[in-house]
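Using the sequences provided together with the hints, build the complete structure.
Protein chains in written order, with my numbering: chain A, 324 to 639; chain V, 324 to 639; chain L, 324 to 639.
Just so you know, these hints were derived from the structure itself, not from any lab.
Nothing here was measured: the structure is a model prediction, and the numbers come from that model.
Just so you know, not all the hints are guaranteed correct.
Claimed, not checked - EDC-like mimics (lysine to aspartate or glutamate), calculated; alpha carbons at most 16 Å apart, straight line: (1) A:502 x V:559; (2) L:639 x V:623; (3) V:639 x A:623; (4) L:541 x V:416; (5) A:390 x A:421; (6) A:382 x A:336.
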Amino acid sequence: MRLKEIASIIGAEFDAKDIEILAIASLSDANENELSFSMDSKYKDDIQNSSAGAIIVNKYTKEFVPKNSVALVVDSPYWELATISKYFAPPIEENSLEKAIIGEGSNISPKAELANGAIIGKNCTIMAHVYIGTNAVIGDNTVLYPSVTIYRDCVVGNNCIVHANTSIGSDGFGFATNKAGEHRKIYQNGNVVIEDDVELGSAVTIDRAVFASTIIKKGSRLDNQVHIAHNCVVGEYSALAAQVGIAGSSEVGRNMVMGGQSAISGHLHIAPFTTLAGKSAITKSIKQSGLTFAGFPSMEHRIWLKLQAKLARLVK
Amino acid sequence: MRLKEIASIIGAEFDAKDIEILAIASLSDANENELSFSMDSKYKDDIQNSSAGAIIVNKYTKEFVPKNSVALVVDSPYWELATISKYFAPPIEENSLEKAIIGEGSNISPKAELANGAIIGKNCTIMAHVYIGTNAVIGDNTVLYPSVTIYRDCVVGNNCIVHANTSIGSDGFGFATNKAGEHRKIYQNGNVVIEDDVELGSAVTIDRAVFASTIIKKGSRLDNQVHIAHNCVVGEYSALAAQVGIAGSSEVGRNMVMGGQSAISGHLHIAPFTTLAGKSAITKSIKQSGLTFAGFPSMEHRIWLKLQAKLARLVK
Amino acid sequence: MRLKEIASIIGAEFDAKDIEILAIASLSDANENELSFSMDSKYKDDIQNSSAGAIIVNKYTKEFVPKNSVALVVDSPYWELATISKYFAPPIEENSLEKAIIGEGSNISPKAELANGAIIGKNCTIMAHVYIGTNAVIGDNTVLYPSVTIYRDCVVGNNCIVHANTSIGSDGFGFATNKAGEHRKIYQNGNVVIEDDVELGSAVTIDRAVFASTIIKKGSRLDNQVHIAHNCVVGEYSALAAQVGIAGSSEVGRNMVMGGQSAISGHLHIAPFTTLAGKSAITKSIKQSGLTFAGFPSMEHRIWLKLQAKLARLVK
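Right, dumping it as structure tokens:
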């Protein structure tokens with residue numbers, strides 16, 4: 324899509340050299356043929372260091388746009404990101420692609436649906452009522468139980484097990500809101516990558532990234548009804564018990580252990596080998612490895628135990 | 324169904340004029356051809372003002388039944404409501420109806436199932452393993468991802484997106500319990516109405532109303548694994564993050580914002596523009612607009628922060 | 324499988340009489356043709372009283388193995404249980420079995436999938452996109468709504484209702500972890516038994532037992548998005564509201580009532596007629612019947628109310 328057309332759609336003035344924009348990406352990932360955005364001067368450094376071909380900004384942040392990048396100045400960059408994201412959304416399915424490729428020894432139920440462009444590895448078991456979308460890739464020896472949905476472009480590794488009614492690649496919870504309180508969808512054009520040797524329980528939901536990938540690293544175990552939001556990264560060999568939720572863009576290190584119904588807020592970094600008790604929630608990034616937390620808001624588990632003892636004494 | 328027969332089934336004396344009863348409804352909604360119920364004298368006013376053709380009551384509440392209405396007196400009105408609700412339950416599917424009507428430009432997967440009597444609008448995308456029940460209505464430009472289930476009689480508006488494995492219209496959690504501790508199902512004969520421009524995440528569950536409708540108003544956004552119980556109303560442009568639950572019959576105003584894993588108890592009214600922090604739960608109605616709450620039981624967010632600071636000092 | 328071969332696979336010395344091992348079971352359930360395991364001397368009595376044909380132990384627990392049982396001594400019994408559990412896992416489907424048997428008057432959607440060896444009772448309604456696995460048994464008059472998955476060997480009783488997108492029999496969250504932090508799956512070779520007159524909401528998940536059965540007793544009601552882990556027993560006429568979770572191996576007595584989003588930790592015994600408030604969690608066994616609990620960690624409800632009053636005063 325031509326940058327001039329983008330400017331016209333979002334109502335930004337345009338007198339730069341016109342270029343072809345191929346995708347939307349974050350400030351740090353975007354290249355010269357990609358569009359990015361920023362509405363807040365706290366991301367000043369990210370703007371200045373961006374290699375994006377163009378950046379949607381407002382009057383406060385336009386001054387940080389580097390000279391190799393075109394500034395598209397609007398009142399509400401996030402709202403206009405939503406506006407333009409739609410134009411970069413791929414179709415839900417692409418029937419013009421070739422039929423799905425199925426590896427040797429794989430057993431595909433006639434009641435499963437494989438969209439064109441999908442690739443299935445060797446010795447897989449794809450059960451009834453499974454859906455595998457356009458360009459999705461499934462590794463070798465992987466089992467997808469009934470009613471699993473893999474959205475387009477998502478990747479599931481080798482030796483994975485995905486239990487019934489689990490959804491991989493649904494849209495992240497992304498939208499802009501205007502002053503009237505109305506929402507506009509930010510199309511989620513990234514994907515999900517499930518690495519090798521991962522097991523996902525039933526009714527798990529893992530959202531695709533807005534750009535780039537939501538990643539579940541190798542050897543992780545997610546129990547039933549776990550929710551992983553867009554752009555999260557779950558470290559290797561993590562074990563998340565049932566009904567856990569991780570909010571958008573949080574990254575947890577390897578061997579994270581989360582008790583049932585616990586949660587992690589968005590945009591956090593959690594050190595490797597962190598443990599969170601059931602029903603608890605981490606709301607700040609954790610830098611030190613190997614600690615155990617409990618409560619909401621969470622504190623170190625030994626302090627939480629002390630607090631519960633004090634509270635028990637209050638009502639004695 | 325004849326009222327005399329109803330009286331006989333639930334063991335109530337009957338010496339009034341017999342009438343035809345077409346449905347069961349709440350005291351305030353029921354008309355002269357409908358049956359209602361009440362077991363508690365705290366609903367005295369509702370009984371006295373009801374236009375119901377007949378009301379199932381007990382010996383304490385029978386005196387409030389207005390003279391245009393027939394009192395069916397039993398020991399346990401709620402249990403007998405359960406007994407009789409079964410007779411008003413429609414069949415799960417009605418094959419005698421005409422085949423589903425599909426609007427121009429809609430793309431229906433051959434692996435989707437459309438029950439007879441369903442109506443699909445224009446330019447919809449109905450993916451594999453979707454089920455659309457008898458008399459369900461889907462608006463224009465709506466996308467239903469794989470394994471979405473729309474139960475009979477439910478309505479989804481225009482420009483909606485419903486992600487994979489979401490269920491709309493399952494039965495509300497309604498039952499009566501006798502003294503032996505046994506339960507009897509109260510058949511859920513209402514429906515769900517999803518208005519225009521709503522997006523629902525994956526593995527969302529929205530229960531049909533016991534009578535009338537559970538409603539998600541236009542422009543709302545529900546993230547993955549949100550649960551909305553029977554007879555709730557979610558106001559316009561609300562944004563409910565993942566794993567939120569709203570219990571039965573609660574009504575939230577427009578632009579409600581709920582953090583992940585938060586909840587609202589049943590039978591509450593929440594003012595517009597209310598925000599609830601993640602993991603928190605509102606247990607009382609909120610009358611003032613624009614406030615933010617946190618904790619369980621919830622309090623204003625600024626007070627909750629103060630409380631957390633005090634608690635932190637306790638263990639220092 | 325021959326015991327000598329098992330010893331060889333897990334690297335245990337073997338100089339006993341070779342026997343045929345037919346299954347893995349718990350110390351108390353295992354018979355002379357079954358294998359069990361124990362890594363902790365706190366289970367000394369269970370080991371000494373076991374009738375297992377062989378027991379995987381370590382150097383600390385081997386002395387407790389009774390003389391009729393063969394001790395297989397390894398460094399990490401739990402890890403080796405995982406290793407060997409795979410060999411006892413049945414195939415996902417068994418196509419060599421006879422076609423599913425369908426009782427008189429049952430209505431099976433052509434878009435449902437019945438694996439060979441399944442048995443469906445009379446007058447059932449099996450809707451589109453349902454999956455019923457090998458050797459699964461469904462009673463009479465039972466309704467399975469769309470996209471319900473019943474894994475192999477599971478049993479659903481008479482007069483049950485299972486709402487859309489619910490999964491019964493997915494694998495429990497079982498794995499061993501080695502010193503490098505890697506996980507190895509413990510194959511879940513038990514099943515789920517749903518007794519008569521049970522209603523399950525939509526997107527419920529009930530895991531199969533590692534050995535033996537996860538059981539939901541007659542007349543129980545589970546609302547949407549409830550999660551029941553492996554080897555749990557839910558007592559008769561229990562009522563679990565939406566988004567409840569019960570962790571592995573816990574047993575709750577009859578007429579348990581759990582509010583929305585509440586939870587019970589693993590390996591507990593809860594007395595009959597216990598009530599748990601919404602959002603709360605029981606972390607210790609409850610011996611006395613008829614009490615009501617709230618909070619996390621939970622305490623008696625009346626004490627919890629007192630505590631909330633004290634806390635409210637702290638910030639006044």
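Q. Hints broken by the structure, by number, lowest first?
A. 4, 5
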